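**Student:** With these hints in hand, go ahead and build the complete structure from the sequences.
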Amino acid sequence: ERVGIAGIGLVDKEGKSIVGTPDMPPLTAKIRAAVAKALDGEPAVIDLYMGASGLPTMGFVLPVFGIQDDGTKGIGAVVGLKTIGNDLFDRLKQPGESAKTTETYIVRAKGKNAVEYLTPLAD
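Quick note on the working numbering: the sequence shown kicks off at 1 and runs consecutively.
Hints may contain errors.
To be verified - Straight-line alpha carbon distances no greater than 30 angstroms define the calculated DSS-like cross-link-like pairs of lysine-lysine that follow: (1) K37 / K112; (2) K110 / K82; (3) K16 / K30; (4) K73 / K93; (5) K73 / K16; (6) K82 / K37; (7) K37 / K93.
Said to hold, decoys possible - Here are the in silico distance ranges between beta carbons for each label pair: (8) Q94 / V115: 20 to 28 angstroms; (9) A99 / E14: 33 to 41 angstroms; (10) P120 / I67: 45 to 53 angstroms; (11) G41 / K16: 16 to 24 angstroms; (12) D12 / K100: 23 to 31 angstroms; (13) I18 / M58: 20 to 28 angstroms; (14) P26 / G85: 17 to 25 angstroms; (15) M50 / T102: 22 to 30 angstroms; (16) T101 / A52: 29 to 37 angstroms.
These are calculated hints, taken from the structure and not from any lab test. Please read all numbers here as calculations on a predicted model, not as lab measurements. Each residue gets a CB set at the ideal place from its N, CA and C atoms; glycine is no exception.
**Tutor:** Quick look at the structure:
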């Protein structure tokens, strides 16, 4: 059986999956952390990571509130994950750029003194 790579799903107030589209991947620690934030009432973004497909993946988690609730805690959450195709990296190449050594990178901070490259490097 193939592991799902992207999809949309619904979790209950304990963060357990209720329902999801056929290709929704299992809830990893990264996704569960975002779910916990959403269940506390705050929307969350799942930052870029390498998904099961080997493609960069990102997502969101939004809280679901009860109709009569005060809106501080979610009774569930909607989780959405999408793969970011390699065409994202192709779009970073500037048309008409004539310098052979220029590159555009997507990076993020990793710890206090390091960065993580999210785009493939030319070398």
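**Student:** Look at each hint and say if it fits the structure.
**Tutor:** Do the hints match the structure? See the list:
1. Restraint check: the Cα-Cα separation between K37 and K112 comes to about 23 angstroms, which is no more than 30 angstroms; the hinted pair holds.
2. With a C-alpha separation of about 22 angstroms, the suggested pairing of K110 with K82 holds against the 30 angstroms cut-off.
3. Restraint check: the Cα-Cα separation between K16 and K30 comes to about 14 angstroms, which is no more than 30 angstroms; the hinted pair holds.
4. Taken as a hint, the K73 and K93 pair is broken in the structure, with Cα atoms around 43 angstroms apart against an allowance of 30 angstroms.
5. Note on K73 and K16: the hinted pairing holds, with a Cα-Cα distance of about 16 angstroms set against a maximum of 30 angstroms.
6. The straight-line distance between the Cα atoms of K82 and K37 is roughly 19 angstroms, inside the 30 angstroms bound, and the hint therefore holds.
7. Annotation: proposed proximity of K37 to K93 is violated, straight-line Cα distance about 35 angstroms (limit 30 angstroms).
8. For the hinted restraint 20 to 28 angstroms between Q94 and V115, the CB-CB distance of approximately 21 angstroms keeps it satisfied.
9. Between A99 and E14 the CB atoms are about 54 angstroms apart, so this pair departs from the stated range of 33 to 41 angstroms.
10. In this structure the supplied range 45 to 53 angstroms holds for P120 paired with I67, their Cβ-Cβ distance being about 47 angstroms.
11. Evaluation of the 16 to 24 angstroms hint for G41 and K16 yields a pass: the beta carbon distance comes to about 19 angstroms.
12. In this structure, D12 and K100 break the distance hint of 23 to 31 angstroms, their C-beta atoms being roughly 54 angstroms apart.
13. About 22 angstroms separates the C-beta atoms of I18 and M58, a value consistent with the hinted range of 20 to 28 angstroms.
14. For P26 and G85, the hinted distance range of 17 to 25 angstroms is satisfied, since their beta carbons lie about 22 angstroms from each other.
15. Taking the beta carbon of each, M50 and T102 are about 25 angstroms apart, inside 22 to 30 angstroms as hinted.
16. Between T101 and A52 the beta carbon distance is about 34 angstroms. The supplied range of 29 to 37 angstroms therefore holds.
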